[in-house]
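J.: Quick mapping for you: the protein sequence lines, in order, are chains A and B. The UniProt record's numbering puts the first sequence at residues 1 to 452. The UniProt record's numbering puts the second sequence at residues 1 to 303.
Everything labelled a hint here was simulated from the structure, so no lab data went into it. Beta carbons: idealized from backbone N, C-alpha and C, even for Gly. The reader is advised that the hints may include incorrect statements.
What the hints assert, rightly or not - Covered, in the sense of this in silico footprint (three residues per stretch, anywhere, with C-beta under 8 Å from a C-beta of chain A), are these stretches of chain B: (1) 131-142; (2) 254-267.
Stated by the list, open to error - In silico contact screen, one side only, chain A against chain B (beta carbon under 10 Å); selected entries: (3) Q263; (4) D417; (5) N422.
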Amino acid sequence: MTTPSATSLSRRTLFRGAGAALVAGGLGACAPGSTTGSSPLPSASTTKPPSGEITIWDRTGDLYKVFDKAIASFTAKYPQVKVNHVAVDINAKLPATLISGAGVPDGAFYDDALLTGVAPHLHDLSQLIEQYKPDIAPYKLGVVTVDGKVVAVPWDLDPGLLFYREDIVTRAGVDPASLTTYDALLDAARTVREKSPNAKPIHLENDQFLAQLWIDMFANQQGAGMVGADGKLTIDSDPYRNVLTWLDKVRSEGLGTLAKYTQPTDLQTQDNGTQVFVPWAQWFVFAPQQLLKASKGKWRATALPAWQAGGARAGVMGGSSFVIPAKAKNPELAWRLYEHLVFSKEGYTTVYGQNDVYPGGLNTSIPSYLPALDPNTPLFKPIEALGGQDLWKVAVEAGKQVPSGYTIPTWWGKAVDYFGVNVQKLLAGQMTPDQVLTTSATQIQKNLMGPS
Amino acid sequence: MATLTEATATRRSAHRVRRRRVKAAPYLFVAPFVLVFAAFSAYPIFFALQLSFTDWHGAGALKITGLANYRYLLTSPDFWQSMATSGALWLLVVPAQVMLALTIAVALRKARFRGLFSAALIAPFVTPLVAMAQVWIILFDQDFGAVNHGLSSIGLPTIGWLTTSAWAKVTVALLVLWRTTGYAVILLMAGLSTIPADVYEAARIDGAGAWQQFWSITVPLVTRTLSFVVVIGTLTVFQLFAEPYVVTGGGPFNATRTAGLYLYKHITNSDLGLGAANSMLLVVMVLALSLASIRLLRSREDS
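Modelling step: build the complete structure from the supplied sequences, incorporating the hints.
T.: Structure follows, in structure tokens:
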């Protein structure tokens, strides 16, 4: 006989049961305390051929197709490995996935500029990278090292170059070889405008994120960054003041076209000759190849001008690496894939070699692995959209000059709300260079670096 | 006697079991909903509430920081700017949406091809937002957009639709209006269809004109639907994320960084404690605004 006390289903019992079911259901998996932080990834066994299944995330678009082909070269070499290659909006999806711990990939492509923000969720690759350290561009090794730990497999180097409209510059009588300093570039812009009154020759970036990245390239060129080696804020300094003062001059003299990278205004003004000079990362070359029509074949690239005569003519803008999340199911296998893509000749020649998107090879960046940077052994062909110019030589030369010692602070991405926005205000004529620097420094110090 | 007692006891026992089964049945029927609700609504809400008192960044143990996140937000100009932006967008979107939707719904009440018009109106709502936003960017480009081309062709000055603080809000508001008004029209058409025809007939016999019928019959009798449209509009605007994210990226100068976009920033920055506190404040504000809107419309209905 069943007793009432054993059978009645009270509300309390029901809720208690539901709660237990929820906990047993694994909601605790996303609870705090379950992430170990930047855990070291041990050396993978080199004797045993790799096997298993991994999920790899790459950025949607051209690079997904490029890596798809390169991953095929890995699976051809190791047929026991299955790679689920997925195209996602990584910048939007990866941080949330790393935090939730659900559906975490084994490896992902990620922007260097945002790397420090997710570093606690990544494997420490220091032991694995150790053997390759002397062969990695010093700048790149610096940006993938967070708190002394290498948290990403360094992939590409994106040296800044000066892109210019060869036809317009020649017509105006400007010798591209004379563009050795930013003052010379300003003079060239004035000369171009005399010949073409509608020209606003120099590109001024209006996207707050890209503007910050762009200005950091100019600062990096002068050996500076937002923070010094000691982690202290160095934004209110001469290198940044030089850059902002120059940009303000371009704006106030009406020598610049304010536009967002590859937005309609940007493309139209590049095609119709309003924009003539674009100091930008190597990946600007994507536009003449894929987006511009009338001006295709009329663009050329040269080294960036220097901030002072004889100064460095290279800086870096952007770049990406490969991360292996701490919660990856098969991190060793992901490492083997990235080791193949980055540090083996077969891998990097496949990545940078011919593919459907880039028939002459991937030419929007160069490897950060120094043995691949031989000026006489180009990984991609001369570019028709640049009038057949050998961009490889120009980019490799610039890449080797990039100053090292650049540190990306953990709050770099968050600083866009302050510095990036204030730069937008400068370019709209609403702030002076000094106001941008002092205001940004105060805001960053208070909101991002203050006591937490 | 003993047999009778046993039979009675057996009957009572069976009756008791049946009663117990009947008692348990309602709980079992609602159990699936309760479980889903607990897992996907109640647990996240309580977890977010807990997080809002911590400085958790997604890794490691929770460190309780008391009201620090709330204090930071309530004294942060960025937070208030995002709220002000959402407030401005609410003013630009919700009243215009209600008026537009009501006008179109009334106009379509007796129109031929209502089904066709309804399908056309709902089309923007079901069109992928990213595609629509790209069209918006091209249409409203300052130098090469069709809108400014149209303005200059009739002698009006061009406008920095996406590059000036004030007009960027208008551009985003126009996109939201374009996308969501059709849905509001469908809701109001459903509301209008519940008004009996004889009410209008009686009003006509009493000599009421079209305008009087609209104000004295239509508006009061669809007040509940209007309240719903206002609440949905309020929720849409205060959670607005995708439109400014794609069209303006929150710019220029953070002028279109809505409350939803500001909240998203905390997540991408791994400031989860701050994000949770922000969402709690947002819930309170949206609730207050929705209740105030409903009360305002209900008081009109009562009067």
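J.: Now tell me, hint by hint, if it's right for this structure.
T.: Status of the hints after comparison with the structure:
1. 131-142: n = 4 at 8 Å, threshold three: holds.
2. 254-267: holds (count 3)
3. Q263: holds, 7 Å
4. D417: holds, 7 Å
5. N422: holds, 9 Å
This entry satisfies every hint, going by the numbered hints stated previously.
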